[in-house]
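K.L.:
Got chain D sorted already, so can you dock chain X onto it with the hints?
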Amino acid sequence: MPSEKMLMRGSHVVGEAAVRAGCRFYAGYPITPQNELPEYLSKRMVEVGGAFIQGESEIASINMVLGAASVGVRAMTSSSSPGIALKQEGISYMAGQELPGVIINMMRGGPGLGNISPSGADYFQATRGGGNGDYRTPVLAPAGCQELVHLTFDAFDLADKYKTPVVLLGDGLLGQVMEPVVFPDPIDVGTLPKKEWALTGCKGRDPRALFSMLLNVDDLYRHVLHLQEKYDAITAKEQRWETAMTEDADLLVVAYGTPARIAESAIEELRSEGIKAGLFRPITLWPFPSTPLRNLAAQIGKVAVFELSMGQMLEDVILAVGDRAEIYFHGVPGGVIPTPSNVAHFFRSALNGDGKLGRRIET
Amino acid sequence: MTAETAYKKVFGRPESLKDAYTHYCPGCGHSIAHRLVAECLDELGLREKTIGVPPVGCAVLAYNYFNFDMVEAPHGRALAVATGIKRASPENFVLSYQGDGDLAAIGTAETIHAANRGEEISAVFINNAIYGMTGGQMAPTTLLGQSATTAPGGRDAKLHGRPIDISIMLSHCDGVAYIERCSLASPKHIRRAKNAIKKCFQVQIDHLGFAMVELLSPCPTNWKLSPKDAWAWVNEVMVKTYPLGVIKDTTGYDEDKK
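Chains as they are written, first to last, in our numbering: chain D, 1 to 363; chain X, 1001 to 1258.
Looking at chain D on its own, in the form it has when it is part of the complex (with noise of 0.2 Å):
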């Protein structure tokens, strides 16, 4: 049986939500702003018989991760920014010995230190990947606390099911904001499929090696091959969006996460006025929903494109729709949030044709 609704800080709630889902190993670095996670399950993790330790660097705790991962039981990490900075080398091993985890990163102003408000600066750093290697990992963006406790348990199937690291990436103001949250029932962690490559001692059985180290060439070949596979089957069936207002829109508006929240009040207040505009929101940014995009941004003709930062999303936009439509660009870095107000505004300068292809308007 479901809980009952609860108010729920977000950061609270992606701890619940990856209990429920059976991960019972954490290892983490304090860093603002979501500290409330870690404070968290280090109270539920021992509740449930699972282990929470507190890393002495977030280097060391994606590679906590790495280990409780190779022994098969469903492991996580958390941490902001410059923290998900440190865990690319960790995120990189994973990705090559394909072992499943998942990292979330609430994401704050940045280059550097940055500041503690919210921010989607970290977009490349998240789809990209900031380890070396030919790797990707599948990016989930909540835009509220329902959909965190519904992409918590998603990342857990998923880096199980490809045998992957899981990015979750929020931002500041998800993490700190208070919703109303119903969790489903919590998984019998041993109803989980059994992890046929998990090193659990060799009794009966010859020994497993978990490695990503292959000094042939043709192994290493092949090996990478064998990964793109994995990410083409991933890009094939894993993209999810979600649109609103698109049937009669004159405007298409592209953001994702907490802008996507803002975007939308946008879009209402630009309705009571009149003016026609609809939203595309990606929930998975890698494997980015391109075709979908590409289909509706060439029927409605103009794309207005709002992210926390100087235009990184941006990027898988262009690349999607190309010259089908005109493409336009609000960015608000810092941790600044702006008003529905001023991002209407911006709609309504993109609507007007004012500005640049892919550029920055000033709002």
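Hint data in this document are derived by calculation from the structure and do not stem from the laboratory.
Keep in mind that the hints are not guaranteed to be accurate.
Unchecked claim - Cβ pair distances, simulated, as ranges:
| # | chain 1 | residue 1 | chain 2 | residue 2 | range |
| --- | --- | --- | --- | --- | --- |
| 1 | X | Lys1158 | D | Trp197 | 47 to 55 Å |
| 2 | X | Ala1157 | D | Asn115 | 38 to 46 Å |
| 3 | X | Val1237 | D | Asn115 | 51 to 59 Å |
| 4 | X | Gly1135 | D | Arg128 | 27 to 35 Å |
| 5 | D | Gln228 | X | Pro1090 | 31 to 39 Å |
| 6 | X | Thr1150 | D | Asn342 | 52 to 60 Å |
| 7 | D | Gly204 | X | Leu1044 | 13 to 21 Å |
| 8 | X | Arg1191 | D | Trp197 | 35 to 43 Å |
| 9 | X | Leu1044 | D | His226 | 32 to 40 Å |
| 10 | D | Leu220 | X | Leu1044 | 33 to 41 Å |
Here a beta-carbon is modelled for each residue, glycine too, at the ideal position from N, C-alpha and C.
P.N.:
Then chain X, alone, in the frame of chain D:
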């Protein structure tokens, strides 16, 4: 008299070692250390529950030689990976096998904190005072005056800093139950090293905390010495900076339990 009764097997490959040729250089200490680890695992009946974490360094391919489950760790992170394994699966016997660059330079933080938390992990630390796999660069443990490709005039305290004694550092951590430094450079020393490794493993079986054996290990190739001279260098020169013996022991074991 049948063949079975005429010959008694007195020596063979430990079950914990695969039937494989290693890539180690002639005279390298790794082959000996691998065998000692394997013999101890066999004798303690641990092979089938062991999960090992090799380093990045000369022993990076240890999973091709050890006959038990292993998982690769990024350079220096072996004890963080081992921590994750042990906490997620406490019933497994968890072993890290690391060189001096891995354990005492790039992985210093992971080493100190895993030890200080008293993680129930057994660490085998190979100290050969040089970076072997990358071709003879200065290690954190390179001796003063010792030549390396990145310290061509010899290690100079002012230019390069002094060698680090990580075993002594770790001995100050409360989570550490046992640390001993041994040499791999004579039959007598090798026997002593085996006892130490076995005791290091017993500490984990008995849930006493973190345990480590540091093995002073010859690297004839990068020291540019013959294997015989490399043995002499370990026992005559290296031990002056890294004296052999028990560095910490809170196990309370009788000597015969080793």
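K.L.:
For each hint, tell me whether it holds in the structure or not.
P.N.:
Results of checking the hints against the structure:
One distance hint, 47 to 55 Å for the beta-carbon pair Lys1158 (chain X) and Trp197 (chain D), holds here, with the actual separation near 51 Å. A C-beta distance of roughly 42 Å is found between Ala1157 (chain X) and Asn115 (chain D), which places it inside the suggested range of 38 to 46 Å. Here the CB-CB span from Val1237 (chain X) to Asn115 (chain D) is close to 54 Å, well matched to the stated 51 to 59 Å. At about 33 Å, the beta-carbon gap between Gly1135 (chain X) and Arg128 (chain D) stays in the expected band of 27 to 35 Å.
The hinted window of 31 to 39 Å between Gln228 (chain D) and Pro1090 (chain X) holds, with their beta carbons roughly 37 Å apart. Separated by about 55 Å at the C-beta atoms, Thr1150 (chain X) and Asn342 (chain D) satisfy the suggested range of 52 to 60 Å. Checking the proposed 13 to 21 Å range against Gly204 (chain D) and Leu1044 (chain X) shows it holds: the Cβ atoms sit about 19 Å from each other. For Arg1191 (chain X) and Trp197 (chain D), the hinted distance range of 35 to 43 Å is satisfied, since their beta carbons lie about 39 Å from each other.
Restraint check, Leu1044 (chain X) to His226 (chain D): a C-beta distance of roughly 37 Å satisfies the suggested window 32 to 40 Å. At roughly 37 Å, the beta-carbon separation of Leu220 (chain D) and Leu1044 (chain X) lies within the given 33 to 41 Å, and the hint holds.
This entry satisfies every hint, going by the numbered hints stated previously.
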